[in-house]
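Participant: What follows is each chain in one-letter form.
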Amino acid sequence: MDFILIAEQTLNGLQLGVMLFLLAAGLTLVFGIMNMVNLAHGALYMVGAYLTTWFYQQTGSFLLAVPLGLAGTLAVGIVTEVVALRTLYERDHLDQVLATFGLILFFNELIAILWGRAAIYSSMPPYLQGHVQLVGELRYPLYRLVIIGVGLAVALLLWWVVARTRLGMLIRAGASNRAMVAALGINIRLLYTIVFGCGAALAGLAGLLAAPIFSVQPGMGELILIQVFVVIVIGGIGSIRGALAGALIVGMVDTLGRAFLKPMLSTVISPSAADTAGPALASMLIYLLMAAILAFRPSGLFPSAR
Amino acid sequence: MIQRRISSSTWVVVVLIALLAAVPPLAAYLDAPFYLDLLRRVMIFAIAALSLNLILGYGGLVSFGHAAYLGIGAYSVGILSFYGMHSGWLQWPLAIGASALVALAIGAISVRTSGIYFIMITLAFTQMLYYLGISIEEYGGDDGMRLASRSQFPGLIDLGDATSFYYLVLALLVLSLLLVHRIVHSRFGRVLQAARSNEARTRAIGISPYPYRLAAFVIAGALCGLAGALLANQTAYLTPEFMNWTRSGELMFMVILGGIATGAGPLLGAAALLLLEDVLQGWSVLPKEAVRDHWQLYLGIILVLVVIFARRGLAGLLPGGGKND
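Chains P and L, in that order, are what the protein sequence lines are.
For the first sequence, my numbering assigns the number 1343 to the initial residue and increments by one for each residue that follows.
For the second sequence, my numbering assigns the number 80 to the initial residue and increments by one for each residue that follows.
To be clear, the hints were calculated from the coordinates, so they are not data collected in a lab.
Among the hints, erroneous ones may be present.
The following residues of chain L were derived to be distant from chain P, with all beta-carbon distances above 10 Å [claimed, not checked]:
#1 A97
#2 L115
#3 G163
#4 L183
#5 L202
#6 F204
#7 I213
#8 S214
#9 F232
#10 T281
#11 T318
#12 D372
#13 R390
Stretch-level coverage of chain P by chain L, calculated; a stretch enters the list once three of its residues show a Cβ under 8 Å from a Cβ in chain L [to be verified]:
#14 1395–1406
#15 1435–1447
#16 1613–1622
#17 1627–1641
Computed from a predicted model, the values in this text were never measured in an experiment.
A virtual CB, placed ideally from N, CA and C, is assigned to each residue, including glycine.
Build the full structure now, drawing on both the sequences and the hints.
Facilitator: This is the structure in structure tokens:
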């Protein structure tokens, strides 16, 4: 009985972790290569969720809606990069934060105009519903297993692209010295746009995976974005490896904290005190973890080489 | 040239304060008490923006979590009031002290980092306090709580009276402007600005920036805590939304819009942003629903345009004000 609960929550933690990783990977790449703080990354997550839900409603086919939603998010990301963000790469972080904060307000309101302020209903296709029998008595929702699988596959794919392909070589070179890469005749603007587009598509993927299990509404991106920041700060800015480690740590700590902190506290202090302190402490847990890690390693667990 | 810029900015502040002082009789004459409320709000946010400008503008510390102290200040008033302690002599010093303590804790960790880390960490800590506010049901949780009474200063001033409250806020704004002016032009302020423009050189002449930055961070937090206590009294209501990260973003926008690291900037920026919001929400030129419901769409576009095209803010438009660097 207890084992089942623990195993289930661990899987939930893993599922949140891979979701955070999809977002953190794009954000950390954009930061590592363009030296750009993009608060609007969460807005792209929201765009991915809305577009896929809408395409699914229109076409009735989930398999068709997924590529359409991804392509739509990619297009929105590239347009945003070309129109607004490109001029900000050379600016300081303050300007980037403010401009992308403006973009968040813009995107949230745009979505509210198009689809309304209330959460919209998003369903998963019939063949992804239901539970799977894992070991023993443990039954787990199929859709959440799919999320874990997709997330881990993307992590593997990213590792392959960055470590083994020519594009990945350019990305790594761009992160360590962009002036040199430009001097060697690489079209650095195009590289930036490609990297930003990939980041946008990853955010869109996270959004479309999240749509059927979280609520799809304006502002959904910012709730998760701040957790993603914690992930990146813990993992080390600019490092994909760090993003993966940070995402799994944050996903686990947050999920397990919310599930088990209250019962654990009630064995130490009175149950009524645990009722108040448990949820409060659980919601603060990842931030306290971040503070503890920063106190010992100010540039995260896997600082990038710069 | 530098002398000229300072005097021009000071001159603007003096004119603005004089104008603000003239508002209550004018509002009474025009029978428009609404403006008293709006401008009091502007002045409270000006105090908050002023405190942020101290670390953001003069210290170069891009804090994306300044709304935390608005919340701490407001909750200090709210929680004491919840337990029946309505004395402002108790509430306001607690608001300032608690904000200073929280700023000390957050600052001790975050000021050690720089750049993007600093931005993300200040944001994350503020978000932590926001969730703390939401999860404590006793103090209203998500819904927040109503103040049973505004802070009481028996025999001195009655905050229930709109005009007295207005002049108290105005007086506190003037004191805050003077305080920040004195700090910026003291030796302490010089070191702070030196560390912003060149940290390596500052270290080379034998000064470690950390204690100066941390002290500035704590002073800014304490001053913003006062603004939070005022804000709770202004609305007679407080919610975790006071600490929402969008509030931190708005405070930053006020500083940039007004003109970063200028004396008049925070006041100009707070006035411009809040009046702009007010105009956008009630604009009669455009179809009403389209604007009133979605004014943040226009605000977002304006924000992006200001950052891209008008980097020196409103203070940069003043004569001699454009030579910031």
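Participant: Indicate, hint by hint, whether the structure satisfies it.
Facilitator: Hints, verified against the model:
no.: 1; hint: A97; in the structure: holds, 31 Å
no.: 2; hint: L115; in the structure: holds, 28 Å
no.: 3; hint: G163; in the structure: holds, 21 Å
no.: 4; hint: L183; in the structure: holds, 14 Å
no.: 5; hint: L202; in the structure: violated, 6 Å
no.: 6; hint: F204; in the structure: violated, 6 Å
no.: 7; hint: I213; in the structure: violated, 7 Å
no.: 8; hint: S214; in the structure: violated, 4 Å
no.: 9; hint: F232; in the structure: holds, 33 Å
no.: 10; hint: T281; in the structure: holds, 18 Å
no.: 11; hint: T318; in the structure: holds, 16 Å
no.: 12; hint: D372; in the structure: violated, 8 Å
no.: 13; hint: R390; in the structure: violated, 7 Å
no.: 14; hint: 1395–1406; in the structure: violated (count 0)
no.: 15; hint: 1435–1447; in the structure: holds (count 11)
no.: 16; hint: 1613–1622; in the structure: holds (count 3)
no.: 17; hint: 1627–1641; in the structure: holds (count 8)
When the structure is compared with the earlier hints, violations turn up for hints 5, 6, 7, 8, 12, 13 and 14 and for no others.
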